[in-house]
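All chains should be modelled from the sequences, with the hints used to inform the complete structure.
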Amino acid sequence: MFIQGRLCLYSVNYISQNAPGSGICYLCKFNAFHAESKKPLHRECGFIRMQPGTNRVAFIIAQNSGLVEIEEGELTGQQLNLQSQTLGRISFAKKPHVQQISRVFQL
Numbered sequence: 035m036f037i038q039g040r041l042c043l044y045s046v047n048y049i050s051q052n053a054p055g056s057g058i059c060y061l062c063k064f065n066a067f068h069a070e071s072k073k074p075l076h077r078e079c080g081f082i083r084m085q086p087g088t089n090r091v092a093f094i095i096a097q098n099s100g101l102v103e104i105e106e107g108e109l110t111g112q113q114l115n116l117q118s119q120t121l122g123r124i125s126f127a128k129k130p131h132v133q134q135i136s137r138v139f140q141l
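Note that the sequence shown covers residues 35 to 141 in our numbering.
Take the hints with a grain of salt, since some may be wrong.
Stated by the list, open to error - Pairwise CB distance ranges (calculated):
{"#": "1", "residue 1": "Ser136", "residue 2": "Lys72", "range": "21 to 29 Å"}
{"#": "2", "residue 1": "Pro74", "residue 2": "Gln112", "range": "27 to 35 Å"}
{"#": "3", "residue 1": "Ala96", "residue 2": "Phe139", "range": "25 to 33 Å"}
{"#": "4", "residue 1": "Asn89", "residue 2": "Phe67", "range": "24 to 32 Å"}
{"#": "5", "residue 1": "Leu141", "residue 2": "Gly100", "range": "16 to 24 Å"}
Unchecked claim - The list that follows gives simulated cross-link-like pairs (lysine-lysine, DSS-like), each with its CA atoms no further than 30 Å apart:
{"#": "6", "residue 1": "Lys72", "residue 2": "Lys128"}
{"#": "7", "residue 1": "Lys63", "residue 2": "Lys73"}
{"#": "8", "residue 1": "Lys129", "residue 2": "Lys63"}
{"#": "9", "residue 1": "Lys72", "residue 2": "Lys129"}
{"#": "10", "residue 1": "Lys63", "residue 2": "Lys128"}
{"#": "11", "residue 1": "Lys129", "residue 2": "Lys73"}
{"#": "12", "residue 1": "Lys128", "residue 2": "Lys73"}
None of these hints come from the bench; they were simulated from the model.
Each residue gets a CB set at the ideal place from its N, CA and C atoms; glycine is no exception.
See the structure below:
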């Protein structure tokens, strides 16, 4: 994965949770770090939700940089494709500001 032109790696932790009435819900934590130096880049935490009876997936994520994102997509076979739907940030977030996010997970 590349962030601002830098190759980075993620460590990911998932914790299963059942949220009544909201379908399948998972708590997730992402830690990004530089692939070569192993220097921490940023952290993300949030929820992964599935729309009951479909292959539709939503990510609701907050980053320690002040970025909040909602991504939606579909799980097709062994691949999860997500695109940003909404991005929000704190008023004093460092530039350049993220304009769009897409993620592809191969399961």
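Output the indices of the hints that this structure fails to meet, ascending.
3, 5
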